[in-house]
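Q: Sequence:
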Amino acid sequence: MDSATTMLEKAQDNAVPEAVPHYLVSTRWLAENLKKSHVHVLDASMRKVVGRTPLDYNELTVIPNSVHLDLEQRLTDTTASLPNTFPSAEQVTLALQELGINKTDTVVLYDNQGIYSAPRAWVIFKAMGFKNVFILDGGLPQWLSDNYPAATEHSLPRTARGNFVTKFDKSWLVTSKDVLKATQSGSSSIIDARSPDRFNGLKSEPREGMRSGHIRSSFNLPFLDVLDDNRYRKPDELEELFISLVGPKSPHLILTCGSGITACILLVAARIAGFTEVQLYDGSWSEWGANSQLPIEPNSSSNN
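Following full-length UniProt numbering, the numbering of the sequence shown begins with 1 at its first residue and continues without gaps.
Errors might be hidden in some of the hints.
As the list claims (entries may be wrong) - Cut-off 30 angstroms, straight-line C-alpha distance, at most; resulting in silico cross-link-like pairs (DSSO-like, lysine-lysine):
id : residue 1 : residue 2
1  : K177      : K103
2  : K131      : K103
3  : K177      : K48
In case anyone wonders, no lab produced these hints; they're calculated from the structure.
These numbers come from a predicted model, not from an experiment.
Could you put together the complete structure from these sequences and hints?
A: Printed below as a string of structure tokens:
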């Protein structure tokens with residue numbers, strides 16, 4: 001067998017599907033590749049679901065061969081004052097190595113709500129320099145709807161320690177200082193994934209003492225609007241949606257929400273739509289709304 005044939009077979013073996021390269025994989029692709037040694041399937045479901053009616057299961061239901069990814073503890077800086085704070089590079093290196101993940105492996109992330117917390121895990125993986133990471137479009141609900149088998153317990157991590165080492169790219173994130181500059185200069189379009197009631201200050205925030213409203217000059221795009229049931233909407237639909245909100249593709253986008261989780265749903269949607277200059281405001285409203293020195297709208301809803 002010549003080297004060209006070997007390379008072609010290797011490329012086919014590692015092929016990622018047809019639908020949206022670099023971001024999503026289909027349930028069919030996952031079913032066909034589930035047992036390959038270089039493919040890791042990680043369940044990034046969260047215990048707490050905010051902003052939508054949670055999908056409940058009578059018992060633990062998971063995709064076979066999938067391993068639990070503790071997004072709320074292992075991939076969160078639990079020492080930070082803000083909830084759901086981005087993890088350190090050291091945390092991610094340790095967590096992924098303990099899962100047996102190597103730098104050339106392929107990781108597929110899913111959650112039990114369809115599209116909810118898997119995009120958050122995807123952003124963390126990408127920001128930490130992991131290349132071959134994808135989201136299962138539709139997550140567990142789509143897997144079950146397509147009549148693929150389910151398991152009632154997670155698989156154990158690989159016994160061999162992985163060799164992946166993070167290279168944190170801070171350009172994936174912005175700080176409150178960066179966001180404040182954007183509100184003053186108009187250099188970026190700030191998009192908030194929270195519900196209209198929360199965005200417009202008509203509903204009290206879930207955290208005590210938090211101001212109601214939104215970042216001055218920001219746009220509202222509830223995260224459910226970029227989804228079609230459990231899956232992401234088609235790329236052309238997402239492109240039209242974002243352009244109708246902020247104009248042509250030239251603006252730089254900053255995505256925000258309550259605490260940095262659902263903003264990642266919008267970040268991935270914007271990437272699918274063709275926007276390449278997108279960043280996450282990880283502190284989101286948990287930070288902005290708690291700081292009385294940062295401007296909000298509407299001003300009349302400064303406290304609740």
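Q: Does each hint hold? Answer for all of them.
A: Consistency of the hints with the structure:
1. K177 / K103: The hint is violated at about 33 angstroms.
2. K131 / K103: Holds, at roughly 8 angstroms.
3. K177 / K48: 29 angstroms, holds
Going down the numbered hints, you'll see the structure goes against just number 1.
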